[in-house]
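Colleague: Residue strings, one per chain:
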Amino acid sequence: MKTAMSEVDVRSARSLDEALTIMRDETRVPVAGATDVYVAANFGTLEARRLLDIWAVDELRGISLSGDTIVIGALATYTSLIKSPIIVERLPMLVDASRLVGGPQIQNRGTVGGNIANGSPAGDSLPVFSAVDATIVLRSASGERRVGFNDFYTGYRATVMKPDELIVAVEVAPVEGKQWFRKVGTRAAQAISKIVVAAVRAPSPKISFGSVAPTVVRVPRTEQALASGASIEEAGRVLADEIAPIDDLRSTADYRRRVSVNLLNRFWSDTGTTSS
Amino acid sequence: MQFTLNGESTDIDANPSARLLDVLREECGLTGTKEGCGEGECGACTVLIAGEPVCSCLVPFSQVAGTEVVTIEGLGDDHPLQHHFMQEVGAQCGICTPGMIMAALSLGDNPTLDEIKVALAGNLCRCTGYSAIYRAIMKWKGMPA
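Top line first, the protein sequences correspond to chains A and B.
Be aware that the first sequence starts at 1, since it is given in our numbering, and climbs by one per residue.
Be aware that the second sequence starts at 1001, since it is given in our numbering, and climbs by one per residue.
Since no wrong hints were added, every one of them can be taken at face value.
Result set (SDA-like, lysine to any residue): computed pairs, CA atoms no more than 20 Å apart in a straight line:
| hint | chain 1 | residue 1 | chain 2 | residue 2 |
| --- | --- | --- | --- | --- |
| 1 | A | K2 | B | G1029 |
| 2 | A | K2 | B | G1038 |
| 3 | A | K83 | B | E1115 |
Calculated from the structure, these hints are not laboratory results.
Take these sequences, add in the hints, and give me the full structure.
Modeller: Here it is, written out as C-alpha cells:
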C-alpha cells in the first residue's frame, strides 16, 4: 500500500522519558492527536518526514490541581476538558472554547499541547490561555523550564521552543473575575475562527484575541483604557487601532476590526451585571 | 500491529505512519468507511476507537495498536439504526451515511434533539438537509419524531 504517508517515518514513545530521549537524539516533529499534522500531511504541505508519536504517553494526559493552580497535561483532549469538573468549575471559558473546536471526532483527539504547539493564530484555546496569563511547562532530556503563555510566540507559528523540547503541561493560576469566550465563524459547528476572543471581567480586565494578528494577542491598551474608566465606546476606538487583522481566505481586515469591536461591546455588556 | 477490529483480534503489517482510513480500506478490505475531505471537517471517515468517534483520515496507524476499532461493517447488515436510515430516507447519495451512523452510535439513552445535533456536528451531508437523519436517529432511540 503506497500512500502520501509512505515516505513519513513514525516512531512511537510509550513514556515521557523515552519521548525526551528520542527528541534529544533525533530531529522529529512530535504528533499527539494528529488533527493538525495529518491535515497537513493529507494536503501535501507537511514538511517533516520524521514524526514522534506521543499519543501513548499517558502521564501527560491528566487534569489536576496543584494547590490552587490548574495543571492541564499536554495530551488532555478537548473532550476531557469538557468533561473535567476542575475545568468546568474553574475555567469554564475553556469548556466553551473546547466545544467549538471541530466536531466530536476532533475533540476526541485534538490536544491542548497540540493546539499550543501548532500555533495557528486561529487556535481556539489560545486566547483563553493568553487571557489568564497561563504558564507553559516545557521539558527536554536536560531539564524543565516555564514560559509565560504571552511570551511563548515570537511570530506567525514561531515559538521559543527548542527542537528537543516538548510541551508537557499548561498551568493556570486561579482566575478572579467573570470569564467570557466567543468565537465567530462561518457556521455554528466545524468552523475555523474569523475572530476568537477570551476575556476576564475584573478591575483590570484581561482580553485576548485570535485571528487578528500573526499570533494570538492581548490588547493592553484596550485593557488599560477599560481599567482606567474609559467608556466602552472609547475602548472600542482604542481596540480598532490596536489590532492589525488581515484579509485572508476566511475574512477581511475591515470585517474583523468591526466584529472585534462588537465583541468587546458584547463582552462588556454580558459581564457587566456582577463582578464575579 | 495487533488491534481488535470489529470484535476480532487482528494483526496487520502496515506502515505506522499510514492513515487508519487507508489501512481499513486497502489492507483490511473494509471499504464502508469513506474518504471525504481529508481534513477532519466532513466526518465521512468516522470510525470508533475505544468507543469514541474519530476521523480515521487523521489517525496514524501507530495509534491503533492495542485498541478496539469498530467500522460500519462491524454493525452487520441488520442493525436497527441502518433500517431507520433507510425508512426515513436518511441516506441519499450515501457517502456520509457510514460516518453519520458511527457518530450516532456514541449517543447515550434518551438524547435530546440538541444532543443529537451536537453528536453529529462533525458530520456533513450535502443531500438530506439533516432532518431525515435526525428523524432516523430519534426513531432508533424511541423518541417521537
